[in-house]
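S.K.: Chains as they are written, first to last, in this note's numbering: chain A, 990 to 1594; chain B, 465 to 564; chain C, 190 to 369.
The set of hints was computed from the structure by calculation and includes no laboratory data.
Every residue, glycine too, gets a C-beta built ideally from N, C-alpha and C.
Please note that a few of the clues may not be correct.
[Stated by the list, open to error] Partial list, computed: chain A residues near chain B (C-beta under 10 Å):
# : residue
1 : 1159
2 : 1569
3 : 1572
4 : 1574
5 : 1583
6 : 1586
7 : 1587
[What the hints assert, rightly or not] Reference listing, derived: stretches of chain C covered by chain B, where coverage requires no fewer than 3 residues with Cβ under 8 Å from a Cβ of chain B:
#  : region
8  : 253-265
9  : 287-299
10 : 339-348
[As the list claims (entries may be wrong)] DMTMM-like mimics (lysine to aspartate or glutamate), calculated; alpha carbons at most 25 Å apart, straight line:
#  : chain 1 : residue 1 : chain 2 : residue 2
11 : C       : 214       : B       : 557
12 : A       : 1566      : B       : 557
13 : C       : 214       : A       : 1575
14 : C       : 214       : B       : 558
15 : A       : 1157      : A       : 1575
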Amino acid sequence: MGLSALTWALLALLTPLGAALVIAVVVPLRRRGTPATWLSIAAVVVSFIAAIQLFSSQLADPHQLMLSTLDWLPSATGTMARIGIRLDGISIPMLLVLTTVAMCVQVFSLGYMADEPAPARGRYYGYHSLFVFGMGVLVLAPNMLELFIGWELVGLTSYLLIGFYYQKQSAARAAIKAFWVTKFADIGLVLGIILLFATTGQFGWNVALPPAWAAPITLLMFLGVMGKSAQFPLHIWLPNAMEGPTPVSALLHAATMVAAGVYMVVRANPLFAQSPTTLTAMAWIGGFTALFAAIVAVVQTDIKRVLAYSTCSQFGYMICALGAGSVMGGFFHLTTHAFFKALLFLGAGSVIHAVHSNELEHMGGLGGRMKLTSAVFIIAALALAGVPGFAGFFSKDLVLEAVQEKGLWLPFAALMIAAFLTAFYIGRVVFLAFFGKSSKHAEHAHEGGMAMALPMLLLAAGSVGAGWFGSSLARVYGLEYEFHFTPTGMGASALGLLGIGLAWWQYGRATRSEAFDFLAPIGELARSGAVDRFFEIGYRRGLLVLSSGIGWFDRYVVDGVINFSGWLTIMAGRRLKRFQTGNVQDYVFAVIAGAVVLAAWGLFR
Amino acid sequence: MMATHPYLLLAAALFSVGIYGVLSRRNAVGILISVELMANAVNINLVAFSRAQGTALGQVFMLFSIGITVAEVVVGLALVILLYRSRQDVLVDEANELSG
Amino acid sequence: MTSQIGFGVIAVCLLLSALFVVGSKNLVHAVLWLAVTLLSTAVLFVTMRAPFVAGIQVLLYAGGVITLMLFGVMLTRRHESVEIEAETSPRRRVPAAIAGAGMFILFATALSRTPEQPLQLHATVDTVDIVRSFLTGNVLAFEVLSVLLLAAMIGAIVVARRRDHGFDHVRIPRKREERG
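Using the sequences and the accompanying hints, generate a full structural model.
M.R.: Take a look at the structure:
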């Protein structure tokens, strides 16, 4: 169709917003459930089509850039901030990823959430549409200010969706935890944006920062990234976020919302590139998170928790790549990860729906009963493990090479070990869930239906295909990419296969070996929630003490001054009122005395 | 005497005696009487100045002063009578309900 | 010389009677001493060659005001055969004396710093001059004074009237049947 790029972009953005508003306002529509469902899905399909259109036109003409903004915040010296849409090689692919995964997830939810009461479903889809809009704003933002608006919007919808089962206390608390931790991180982002504006007078990212400020500003912004993309130590909210419905975990907490942090770094790369300190910090934190999260993932019993820690770990890879200066590496892995991780979650959702439990112990032998699910899950697992041919292999390879080239040996080693562990833990999940003997829960498992099957197939195609299209993606990004066979890549693949093999050896066979039992204490430690305890102590000892100190100061010093003046007035009044004796002669005496004094002063000076 | 000062000094003395009376008398009528003394002192002053300047103005003022003093005594006595009626005495020491 | 002695006698008389005015325990005595003071003042005025004001002084002050004072004293003398005290308050005497003395010192100092003005005793001020001044130059003040006196009179009556037989207790009948 011959619509302009701007029109497509606005369609992509505003139809979900419209759906969200209608669902929010028209209460009968929402209460009936089904109308809201179809409205939301229709909106996201429109967005998807728009994204396809934009992507194909971008493919044809890679350096096309469209920037359409309005004056938004006026100030004394001209416009302070603009608002609008920026379409370029970074925002369009991300928009496509967003709409594809969102569409898949919403269709999947038709089947997954079918047992929910109608009003709850209406609410669910309302939140989904709002999320698509918010993430769209973030993706298409032309400056940091608008990006931040989208950032906060998706944070809100994340809270709403994590706490979807709000009657469940653990879910409500998880939602608050997510919000609290990301809000804490957002302090850094806000400060960074404010400082950006203060030092450069505008909110865009194509500016030169004053050298002294480059590191502080970018580090502060990275703090926000750490919260949003669940890097250590601010990753603690992501495992708890699994309390939300599984499709939500797939969309928000695997593919898109947590991706916002990495996306921001990609977007604002001109800023981050100006601070080698921040880049180094990113590489180290990313590398550490990748390894740490992978270790913790190995010992989880809840299938969603494995995937949650896996997400942390994979984002560590992306951050590390960006820290090594490879925008292509980070962004490519972001794209491929979106597909296979979302698919992993949807597959897990299919399994959970079938066995009515999250625990791996309750699964087993599902390969026979749920052929489609197991097939797509295995495809996604192979992609995650970095097996050659699947999407993850290409992007992970690029990441490793970039880190290696930069000479960051310790992060590189961490990433390599994490690659091994990644393959191991996902292999464990696959073998425990789909092979072996069925547990009692799993005996009546069956596939979910068309609504759940089709999206999984689409994502499976993406998990394979996204890798092969690396070079065309690169063209779209406006970057260079060519695939080579390198020792690093081969080494990583080998580690991956080794990991899968070890997982089979440990979990795939009928008997479990005792060889690795000496590692059990590490498992206990990993499950203990030490990081959470650390934050809790910090909060109690640090923040609360500080708060009570400030409270004391406010009560006794600030209020004290006021109270003192009040007390002074009352005391003065009490003393002074004794002058009013009620005796006329005293008053006359006062007058005369006063007159005498005044006259004397006049006479004798 | 041929000069003003003795008269003025006399008037000042009379005024001071009047002040003493106003401030030390307990009976309200006593206070009014002492006020009369003060007014009288003022009159002496006025007449002295009138004679010093050779015009009638001071004496005219003195007549006004008498008139005003009379009015003041009238109203004052009315109030004293009111006070007597409500409190059965006219001692100003005890009429101090408006104290702070 | 004679005039000085005369002045001295009158002055002494004046001040002594004033002291008795403020010092008497008996209020009637005080009023009578006041009469003496006022009459001495009138004599003083005569020596100052101001006969008109001397006459007015006797008429109004020594006549009218003394009468008023006496009435006041008599009407507030006793209640249920208990005499009301008229003494000066002992604890107020010292502060009062100080105030009075302070005032006098002030005046004396001020006087000592101003040059003396001679009295032009030979120039007579006719009664006619005074009256002319009243009716031409100061006529407004004259009229205002008369209004003031009227207001004082009415005010005093209103303030001090007895309430029990006053008009506010009269009931005006409303209907024919209520009238007697």
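S.K.: It remains to establish, for every hint, whether it holds in the given structure.
M.R.: Status of each hint after checking the structure:
1. 1159: violated (67 Å)
2. 1569: holds (3 Å)
3. 1572: holds (5 Å)
4. 1574: With Cβ-Cβ at 5 Å, under 10 Å, it holds.
5. 1583: Violated: closest Cβ of chain B sits about 13 Å from residue 1583(A), beyond 10 Å.
6. 1586: violated (15 Å)
7. 1587: Given a least distance of 16 Å, the restraint on residue 1587(A) is violated.
8. 253-265: It holds: at least three residues are needed, and the region 253-265 of chain C offers 9 whose Cβ sits within less than 8 Å of chain B.
9. 287-299: holds (count 7)
10. 339-348: holds (count 7)
11. 214(C) / 557(B): holds (17 Å)
12. 1566(A) / 557(B): The hint holds at about 18 Å.
13. 214(C) / 1575(A): holds (21 Å)
14. 214(C) / 558(B): holds (19 Å)
15. 1157(A) / 1575(A): violated (78 Å)
Taken one by one, the earlier hints fail for this structure at numbers 1, 5, 6, 7 and 15, listed in ascending order.
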